[in-house]
Amino acid sequence: MCSRLVYGTRPLMRILKLHNFPIFDQLKLEELLLRMSVDNCCLLNDGTSPPSIVMGISGKPKKLLEVEKVVKDCVPVIQRFSGGGTVIVDEGTLFVTLIRSRSALPRLELRQTMS
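When the letters of the sequence shown are read in order and numbered with the UniProt record's numbering, they come out as residues 1 to 115.
Keep in mind the hints are simulated off the structure, nothing from the lab.
Note that the coordinates shown come from a computational prediction; the quantities given were computed from them, not determined experimentally.
Treat the hints with caution; some may be incorrect.
What the hints assert, rightly or not - Using 20 Å as the maximum straight-line C-alpha spacing, the simulated SDA-like pairs for lysine to any residue come out as follows:
1) Lys28 to Lys62
2) Lys60 to Gly85
3) Lys60 to Pro76
Work out the full structure: start from the sequences and follow the hints.
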């Protein structure tokens, strides 16, 4: 179910509600929306199956996982296109993803700080 919310002159937010959507497919959808969409989006996914391990783009399996146990138990390991920690996800996980266009918050400035 996809809907659009409007609040006065604020930007629109497309909301996509998913249930038990596979995390691999969700990550592909997130990357597609981030790279291709000009809309503001909120993805809500109530659970995922099968239980999986999701790693950030720079995660090193040998350093973060007990690889032999993961292979023995046939647990899917997915490396997402963005950073972040390593997490275990399953049907009890609630995912909330916000993707906004650069023009949605024009006064927001991202500044790089120098150390």
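Structure-based check of all given hints:
Our distance criterion of 20 Å between C-alpha atoms is broken by Lys28 and Lys62, whose separation comes to about 24 Å. Restraint check for Lys60 and Gly85: satisfied, since their Cα atoms lie roughly 11 Å apart, inside the 20 Å limit. Between Lys60 and Pro76 the CA atoms are separated by roughly 15 Å; this keeps the pair inside 20 Å, and the hint holds.
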